[in-house]
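Trainee: One line per chain: the protein sequences are A and B, in this order.
So in my numbering the end of the first sequence lands on 428, straight run, no missing numbers.
So in my numbering the end of the second sequence lands on 428, straight run, no missing numbers.
FYI, nobody ran anything at the bench for these hints, they're computed from the structure.
Careful, some of the hints might be misleading.
A pair counts as met if it fits within one copy or between any two copies, since identical chains are not told apart.
Claimed, not checked - List of simulated lysine to any residue pairs, SDA-like, C-alpha gap at most 20 Å: (1) 381 x 55; (2) 176 x 126; (3) 38 x 178; (4) 114 x 153; (5) 348 x 379; (6) 66 x 100; (7) 66 x 29; (8) 348 x 329; (9) 114 x 154; (10) 66 x 28; (11) 66 x 44; (12) 355 x 343; (13) 137 x 341; (14) 38 x 69; (15) 137 x 153.
Remember, it's a predicted structure, so these values are computed and weren't measured experimentally.
Protein chains: 2
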Amino acid sequence: MALLVLKFGGTSVADIDRIRHAARHVKREVDAGHKVAVVVSAMAGTTDQLITWTKEASGSPDRVEYDAIVSTGEQVTAGLLAMVLQEMNVSARSWLGWQIPIKTNSAHCSARITNVDTAALEEYFKTGSAAIVAGFQGVGSDDRVTTLGRGGSDTSAVAISAALKARRCDIYTDVDGVYTTDPRIVSKAQKLTRISYEEMLEMASLGAKVLQTRSVELAMVHGVRLQVRSSFDDPEADQGDGNMDRPGTLVCDEEEIVEQQVVSGIAYSKDEAKVTLTRVADRPGIAAAIFGPLAQSDINVDMIVQNVSGDGRYTDLTFTVPMHDLERALAVLESCKKEITYEKLSGTSDVVKVSAIGIGMRSHAGVAAKMFQELAEKGINILAITTSEIKVSILIDSAYAELAIRTLHTAYGLDEV
Amino acid sequence: MALLVLKFGGTSVADIDRIRHAARHVKREVDAGHKVAVVVSAMAGTTDQLITWTKEASGSPDRVEYDAIVSTGEQVTAGLLAMVLQEMNVSARSWLGWQIPIKTNSAHCSARITNVDTAALEEYFKTGSAAIVAGFQGVGSDDRVTTLGRGGSDTSAVAISAALKARRCDIYTDVDGVYTTDPRIVSKAQKLTRISYEEMLEMASLGAKVLQTRSVELAMVHGVRLQVRSSFDDPEADQGDGNMDRPGTLVCDEEEIVEQQVVSGIAYSKDEAKVTLTRVADRPGIAAAIFGPLAQSDINVDMIVQNVSGDGRYTDLTFTVPMHDLERALAVLESCKKEITYEKLSGTSDVVKVSAIGIGMRSHAGVAAKMFQELAEKGINILAITTSEIKVSILIDSAYAELAIRTLHTAYGLDEV
Chain A
12 MALLVLKFGG TSVADIDRIR HAARHVKREV DAGHKVAVVV SAMAGTTDQL ITWTKEASGS
72 PDRVEYDAIV STGEQVTAGL LAMVLQEMNV SARSWLGWQI PIKTNSAHCS ARITNVDTAA
132 LEEYFKTGSA AIVAGFQGVG SDDRVTTLGR GGSDTSAVAI SAALKARRCD IYTDVDGVYT
192 TDPRIVSKAQ KLTRISYEEM LEMASLGAKV LQTRSVELAM VHGVRLQVRS SFDDPEADQG
252 DGNMDRPGTL VCDEEEIVEQ QVVSGIAYSK DEAKVTLTRV ADRPGIAAAI FGPLAQSDIN
312 VDMIVQNVSG DGRYTDLTFT VPMHDLERAL AVLESCKKEI TYEKLSGTSD VVKVSAIGIG
372 MRSHAGVAAK MFQELAEKGI NILAITTSEI KVSILIDSAY AELAIRTLHT AYGLDEV
Chain B
12 MALLVLKFGG TSVADIDRIR HAARHVKREV DAGHKVAVVV SAMAGTTDQL ITWTKEASGS
72 PDRVEYDAIV STGEQVTAGL LAMVLQEMNV SARSWLGWQI PIKTNSAHCS ARITNVDTAA
132 LEEYFKTGSA AIVAGFQGVG SDDRVTTLGR GGSDTSAVAI SAALKARRCD IYTDVDGVYT
192 TDPRIVSKAQ KLTRISYEEM LEMASLGAKV LQTRSVELAM VHGVRLQVRS SFDDPEADQG
252 DGNMDRPGTL VCDEEEIVEQ QVVSGIAYSK DEAKVTLTRV ADRPGIAAAI FGPLAQSDIN
312 VDMIVQNVSG DGRYTDLTFT VPMHDLERAL AVLESCKKEI TYEKLSGTSD VVKVSAIGIG
372 MRSHAGVAAK MFQELAEKGI NILAITTSEI KVSILIDSAY AELAIRTLHT AYGLDEV
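So that you can see chain A by itself, here it is in the shape it has in the complex (with noise of 0.2 Å):
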C-alpha cells in the first residue's frame, strides 16, 4: 500500500461524463488498496468565463479579489468528483485551500506555497477515504484565498506529493506522455518512457505544455516521481499503480534512467522575437545602456549575439525577447536612441528557437558541431546560438523549423523504428 497522488486538468475535467471517467481512475488506484489525494483543476471553461467577469468588472482587477474569483472553478470540481465518487462507492471529500491549509506567500495571482500542513490528511487518510484537493489555490497568511497562476494544479500536485512523500505523482492530462520532439511535426517521434527531471524543466520551458516548469523545478528539488499519462486510457486497463503496457512518461532523478540516449528530444519555441540594432557605437558601457533599460521594463533577453564590424569602432547587435515583448522592447530602446547610438533599429517575430536537449551530453561532446553540420547541409542559416549543460539552441527563419525539428531528430536518432 503507497500514497499515490492523482492530479487530473481541466480537459480531464471538462464535464460529468469526464469527471466519470476520471472518477474510474482514482477507484482503481482505491480498489488497489492506496491511500490517493487527487488534485483537479476547474472544468475547461469554467476559468475563461470567471476571469472574463474579472475583466468585464474591472480595468486592472483586483488580485486579491480576482483569486477569490478565479479559485471557485477548481471548489467546484473537487466536490463534483467527490460526489461521483460516492456514487461509486468510494468513500471521498473535497478539500479546499485553507481546509487543509496549504500556506502560501501572499503573491495574489502567483503565489508559492510556503508550507502544505500534512496533519489533517494523514488523520482523514486513516479512514481509508480519497481526498480531493482544489488545485491552484492556497491561503495567505491573512486568511485570504490566494492562487499559484498558470499551471498552478501541476504545483499543487507535486506540493502534495512532497509533503505526504507520496511513491509518485500522476498526472492526468491529454496526451499519453512526454514525446522526442512533437509528434505533430515529426511523425516518428517516439513517447519518451522516462525523461529526467533537468531535460523535462529545458522541454517545459521551451514551449512543450505537457508541465508547467515550475511544478518539475519542485518536483526536482523534493524528488518527487511525476508519472504524465493520458486521462482518456481506458481506467480498467491499468490494475493499478501504473501497471499498464503503455504507463506514460516517468519523469524521474536521472539516475532511475539506465539507458542514457545522448539527446533524448528536439524542443521548439515558437514565441521568440529577434531584434537587431546596427552600427552601434562600440564602447564601454553599451551593453548596460541597451540592457538596463529592457530589464527596468520586465522585459527578458534570451540570445545575445556580437558582430564586431571591420574597423572596430560599431558592432551589430541581435538579440531575443519573448514574442508578446516585441513591440514593447522596440520603443524601450527607440526612447533610448539618443543614450545608445545605432544607425538602425529593426525586430522580427518571424524567428524559431530550436533545441537539442539531453542529459548524456554532459559526457558526450560534438552535440552542437553535429546540429551545425546538420543545418548546414540543409542551407538553414544560423542566427543566434546558446548552449548550456544539457542544451543546444540555434536561432532560425521560422520557414525553416519543421525542417531543422525533422532534420536534427533523425540526426540524434530518436526516429521510432
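Since the structure of chain A is already known, use the hints to place chain B on it.
Mentor: For chain B alone, kept in the frame of chain A given last:
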C-alpha cells in the same frame, strides 16, 4: 455615521452591469459616511448551473459537497462587487463565510447560523472600507462550508445586521416594496410604507416572496429593521440612508408604526391542496389515526374542518396539505385505510388560501365576520377557515381566487384612492 447592511439578491447582481448598478447604491451610502456591509447572492442563473452539475454527478448528491459547490456562486459575486467598487474608488474587499467567520451548525444545505464573529469585521471597518460578504454560506464546526437553504442570503444579511447592531438592513430586490396585495391581481394595490414583523411573517409564509420567512423571524427576534427596496432605483436619486420619496417598505416593530390599519394586506397561497375523507367512524383516537401517519411522513397539515354526520356515528373530515405533498398524503391515507376506516378518500389542488392580515385585528373585532359576509355576497363558498391573532384565512375554489382577493382588498379599505 451609522452602520448599514445592504443585501442584493440574484437578479440585482445578474451580470456585471447590474453589479455596477448595485455598486452605485453602495457608494452612495459610503459617501454619506456610513460603515457599510454588503451581502450578496449568486448571480441569477449561476446557482442553477451549479445545481444541475450536482444532479448530473449524483442521484442523491452528498449534502456537504453540495454546499462546497453551490457556495461558490456567492463567492464570485462578492469578489466581482469588490472589484467594481474599487474601480469606483470605494475601498472594499470580499469576505467569505469562513473568513468572518459565520459559524453554523452542520445541517448542510439548511444550516442555522450559531454565531457571527464580528471582531475581524469591526477591525476592518476602522479602515473606512466596505465589507462585501458572500451570502448564503457559513462554516460548520468541522471547517466545512455550509449553506443556509433557500433565501439564505436574506438570513445572512439579518444575522450580520444583528451581530453588528446595524441601524438598518436594506434588502435590495426586484420589487420596490411590500404591497397590500399582489399588484398583478389588484391594480389598486398600494405599497406599504411600514409593516410589522408579525404581519410580514404572515405575508411571507403565505407566498409573498419578497422576504424569506426565516430572515423575518430572525429580524424580529433581534429587532433588525429591514427595508425592502428596489435595486433598479436610480442610486443617485437617494441622498443616502434611504432619504428618497419612495424608499420601499420598512419592516419593523409595530411600535414604529403610527397609523395602523386593521387589515394591512391580503395575501394568498396557491400552494395548497385539500384532502377529504368521508364517513370516517367518529370514535376516540380517530384524529391520531389520521394525522399521526401524516406527521410521521413529514407532511404538514394546516386547516382542518370536521362535519359531524346526522347520527353522530360518522364524520366527514377535510384538511389541507402543501400541494407538493398531496400525492404522498393520499398514498399514506390509502395505506392506513384499515386503521382509519373511511368510505371515500379524495384530494384536489384546485384550491387557494386567501388571508387578511393585520396586527390591528388584536383590538378590532369583526374582521372575520366582514370577510364571510363579503364573500357570501359574491357567492363564494368557503371550504375551510383558520384564524390567528393577526390573520383570518379561508380556503376557496381557485376559480374564485382573484374575485375574492379584489373584493376583500376593497372591503378592508386598502384600494389606492
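Trainee: Check the structure against each numbered hint from earlier and tell me which ones fail, lowest number first.
Mentor: 1, 5, 11, 13
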